[in-house]
Amino acid sequence: MDGTLEFTMGLSEGVAWPWPIAVYLFFAGISGGALSVALFIRFYKQQSANTPFLKASALIAFVTIALGMLCLVLDLTNPLFFWRILVYYNLNSVMSVGVIALSAYIPLVALIALFALEEEIRRLPMLAPLLPLIDKLRPWRRSGEALVLVLALAVCAYTGFLISALIRFPIINTSVLPALFVASGLSAGAAAAKMLAVGLFKEDRHSSDMQILHGAEWPIMFAEALFLFMIIMSLVTGNAGAQSAFEAFHTGSWSMVFWLGVVGVGFGGPLLLNFATGERFSHSSQAFYLSGLCAVSGMMCLRMFILYAGQNFAI
Amino acid sequence: MSENIERRRFLKCLGAGSLMLAPLGCSVKEQTAQDAAPHYVMVFDQNKCVGCGGCKEACNKANNLPEGRSRVVLEQQSSAVAGQACPHCGKTDCDCQRKYVRVSCQQCQNAPCVSVCPTGAAHRDPKTGIVTMDASKCAGCKYCIAACPYNARYINSETDVADNCDFCLQSKLAKGELPACVQECRYDALVFGDANDPNSYVSRLLAVKDSVRVKAHLGTEPSLRYIPIVKLGV
Numbered sequence: 025m026d027g028t029l030e031f032t033m034g035l036s037e038g039v040a041w042p043w044p045i046a047v048y049l050f051f052a053g054i055s056g057g058a059l060s061v062a063l064f065i066r067f068y069k070q071q072s073a074n075t076p077f078l079k080a081s082a083l084i085a086f087v088t089i090a091l092g093m094l095c096l097v098l099d100l101t102n103p104l105f106f107w108r109i110l111v112y113y114n115l116n117s118v119m120s121v122g123v124i125a126l127s128a129y130i131p132l133v134a135l136i137a138l139f140a141l142e143e144e145i146r147r148l149p150m151l152a153p154l155l156p157l158i159d160k161l162r163p164w165r166r167s168g169e170a171l172v173l174v175l176a177l178a179v180c181a182y183t184g185f186l187i188s189a190l191i192r193f194p195i196i197n198t199s200v201l202p203a204l205f206v207a208s209g210l211s212a213g214a215a216a217a218k219m220l221a222v223g224l225f226k227e228d229r230h231s232s233d234m235q236i237l238h239g240a241e242w243p244i245m246f247a248e249a250l251f252l253f254m255i256i257m258s259l260v261t262g263n264a265g266a267q268s269a270f271e272a273f274h275t276g277s278w279s280m281v282f283w284l285g286v287v288g289v290g291f292g293g294p295l296l297l298n299f300a301t302g303e304r305f306s307h308s309s310q311a312f313y314l315s316g317l318c319a320v321s322g323m324m325c326l327r328m329f330i331l332y333a334g335q336n337f338a339i
Numbered sequence: 011m012s013e014n015i016e017r018r019r020f021l022k023c024l025g026a027g028s029l030m031l032a033p034l035g036c037s038v039k040e041q042t043a044q045d046a047a048p049h050y051v052m053v054f055d056q057n058k059c060v061g062c063g064g065c066k067e068a069c070n071k072a073n074n075l076p077e078g079r080s081r082v083v084l085e086q087q088s089s090a091v092a093g094q095a096c097p098h099c100g101k102t103d104c105d106c107q108r109k110y111v112r113v114s115c116q117q118c119q120n121a122p123c124v125s126v127c128p129t130g131a132a133h134r135d136p137k138t139g140i141v142t143m144d145a146s147k148c149a150g151c152k153y154c155i156a157a158c159p160y161n162a163r164y165i166n167s168e169t170d171v172a173d174n175c176d177f178c179l180q181s182k183l184a185k186g187e188l189p190a191c192v193q194e195c196r197y198d199a200l201v202f203g204d205a206n207d208p209n210s211y212v213s214r215l216l217a218v219k220d221s222v223r224v225k226a227h228l229g230t231e232p233s234l235r236y237i238p239i240v241k242l243g244v
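Protein sequences appear in the order of chains A and B.
Read in order, the letters of the first sequence are residues 25 to 339 in the working numbering.
Read in order, the letters of the second sequence are residues 11 to 244 in the working numbering.
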């Protein structure tokens, strides 16, 4: 009695998780990625000063995770019910584990941002009430940074685990997804923080921090491309459901988002700007900002593609 | 001679040993515990359903759902191939075939909605094992809706929380009655009962009829069984 009975109708209409969730995945990835890269550099170079890149990362990490939370809450059917997710827990649920990680991560990010932006806070009289708090918490800075590094990577990875638990979508239900989200979070987070460090905190575009970032971003981008290739290969060589989901890569508007947005802008943009143009342009500030924007928008396209194309191809 | 004694001793030891070891392998305790727990199943007989929709209305009324909303819908299907003559009436374009499929919560034994729900609002009733909702815990995150491979969950527009067919656990079953749709069905297309009770009608029906489960390969172990129409026309 193989395949004798099936139904195609459903009780809910449209995709269950629309664009605010993709935007949340994007913000959470930027937040975790930016902070992890900054703290990696801080620990690796044993920095004790507040470098412009750390300031930019801490600021971005805090702002993006706050905006991400806004997306999450507004996507609930009734945003006033959000407290229930903070009160009731089910440890079998990835979302519940993520809520625990986030409720430790968000206050810690705020703390890291306070320490990193201490000079700026001192300059603004309206933020003066924060100063005694910074002084009181100063002994915890080092351990807070170590803990938040682990949590930042966990937040990046959790967004992948969160959706890979959906067994009916072959594109999404893959164990590579958390790794892909960590890699793309690191690259987009670093790009966003880099732009802010140069633009707002007056970092020199050729400083040693920027040199390290520049060296790290190509291997990370390569890892990202490799993970995407792994997902595509597992779909092509997979069972009938996986093979039908492979269609997402060559039919419909979401395939355009993938090829133009993820591959063209996200991978092709930075590569062309850095290697295919003359040395004068590729070292200019226009090229610097443009390639940063390419990395960030490529990552946004990736989240949109995974979420929408993924949910459109169910087994 | 000595060989004989050895053999006799060997057989004796074998006998005594098996008498001592055999009881260790038999434990009755587990089996009785399993018998006590019910496994409620519903059988939908496609051969009997005429698509009257009475089950939907009964569901709507029994569970106080918003106007026009039920926890069950019927999908009309046709085995006709587009562009070819209908196997029933011979016309190329017709709506003569009345073949329906019940679409509702499959009451999975291994339910994705229960494992992903962050608040435990989608849970298994401890007494009956039926997947049901605790509306007071649901945050409306729609994780269960995304996770359900049967697309059998929805947001109740009045309460703003997720909802699913729970065999009328909180309405009819609580009063000791059959689910509303089963009571309403005039064509006996729906049968409900405890599959763990060998004497229940549903157990005896499943023992003699071929039934299928939808998307059984996903490993969700649905408790809704379907008796499909396997032969069409004359």
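Hints were generated in silico from the structure; no laboratory data involved.
Mixed in with the good hints there might be a few duds.
Keeping only pairs whose Cα atoms sit at most 20 angstroms apart, straight-line, the calculated SDA-like set for lysine to any residue is [to be verified]:
{"#": "1", "chain 1": "B", "residue 1": "K219", "chain 2": "A", "residue 2": "L29"}
{"#": "2", "chain 1": "B", "residue 1": "K71", "chain 2": "B", "residue 2": "P208"}
{"#": "3", "chain 1": "B", "residue 1": "K109", "chain 2": "A", "residue 2": "T28"}
{"#": "4", "chain 1": "B", "residue 1": "K137", "chain 2": "B", "residue 2": "A46"}
{"#": "5", "chain 1": "B", "residue 1": "K225", "chain 2": "A", "residue 2": "F106"}
{"#": "6", "chain 1": "B", "residue 1": "K225", "chain 2": "A", "residue 2": "L115"}
{"#": "7", "chain 1": "B", "residue 1": "K147", "chain 2": "A", "residue 2": "G34"}
{"#": "8", "chain 1": "B", "residue 1": "K109", "chain 2": "A", "residue 2": "E30"}
{"#": "9", "chain 1": "B", "residue 1": "K137", "chain 2": "B", "residue 2": "N206"}
{"#": "10", "chain 1": "B", "residue 1": "K137", "chain 2": "B", "residue 2": "A226"}
{"#": "11", "chain 1": "B", "residue 1": "K185", "chain 2": "B", "residue 2": "H49"}
{"#": "12", "chain 1": "B", "residue 1": "K147", "chain 2": "A", "residue 2": "L98"}
{"#": "13", "chain 1": "B", "residue 1": "K225", "chain 2": "A", "residue 2": "L29"}
{"#": "14", "chain 1": "B", "residue 1": "K225", "chain 2": "A", "residue 2": "I191"}
{"#": "15", "chain 1": "B", "residue 1": "K147", "chain 2": "A", "residue 2": "A266"}
{"#": "16", "chain 1": "B", "residue 1": "K225", "chain 2": "A", "residue 2": "L98"}
{"#": "17", "chain 1": "B", "residue 1": "K147", "chain 2": "A", "residue 2": "L115"}
{"#": "18", "chain 1": "B", "residue 1": "K109", "chain 2": "A", "residue 2": "L29"}
Outcome of the hint check:
1. Proximity of K219 (chain B) to L29 (chain A) is assessed by CA-CA distance (about 15 angstroms); at most 20 angstroms being required, the pair is judged to hold.
2. Restraint check: the Cα-Cα separation between K71 (chain B) and P208 (chain B) comes to about 32 angstroms, which exceeds 20 angstroms; the hinted pair is violated.
3. A distance of roughly 13 angstroms separates the Cα atoms of K109 (chain B) and T28 (chain A); the hinted pair therefore holds under the 20 angstroms criterion.
4. Between K137 (chain B) and A46 (chain B) the alpha-carbon distance is near 10 angstroms, which keeps this suggested pair within the 20 angstroms criterion.
5. Distance check on the hinted pair: K225 (chain B) and F106 (chain A) sit about 33 angstroms apart at the alpha-carbon level, beyond 20 angstroms; violated.
6. Annotation: proposed proximity of K225 (chain B) to L115 (chain A) is violated, straight-line Cα distance about 27 angstroms (limit 20 angstroms).
7. Between the alpha carbons of K147 (chain B) and G34 (chain A) the distance comes to roughly 24 angstroms, so the proposed pair goes past 20 angstroms and is violated.
8. Proximity of K109 (chain B) to E30 (chain A) is assessed by CA-CA distance (about 12 angstroms); at most 20 angstroms being required, the pair is judged to hold.
9. With a C-alpha separation of about 14 angstroms, the suggested pairing of K137 (chain B) with N206 (chain B) holds against the 20 angstroms cut-off.
10. Using a Cα cut-off of 20 angstroms, the hinted pair K137 (chain B) and A226 (chain B) is violated, with the two alpha carbons roughly 25 angstroms apart.
11. For the proposed pair K185 (chain B) and H49 (chain B), the alpha carbon gap of about 18 angstroms is at most 20 angstroms, so the pair holds.
12. With a C-alpha separation of about 18 angstroms, the suggested pairing of K147 (chain B) with L98 (chain A) holds against the 20 angstroms cut-off.
13. As the CA atoms of K225 (chain B) and L29 (chain A) are separated by approximately 9 angstroms, the hinted pair is consistent with the 20 angstroms bound.
14. Straight-line distance between C-alpha atoms of K225 (chain B) and I191 (chain A) comes to about 12 angstroms, which keeps the hinted pair within the 20 angstroms bound.
15. Of the supplied pair hints, the one linking K147 (chain B) and A266 (chain A) is violated, its CA atoms being roughly 35 angstroms apart against a limit of 20 angstroms.
16. The hinted pair formed by K225 (chain B) and L98 (chain A) fails the criterion: a straight-line CA distance of about 33 angstroms is larger than 20 angstroms.
17. At most 20 angstroms may separate the alpha-carbon atoms for a hinted pair to count; K147 (chain B) and L115 (chain A) meet this at roughly 15 angstroms.
18. The straight-line distance between the Cα atoms of K109 (chain B) and L29 (chain A) is roughly 11 angstroms, inside the 20 angstroms bound, and the hint therefore holds.
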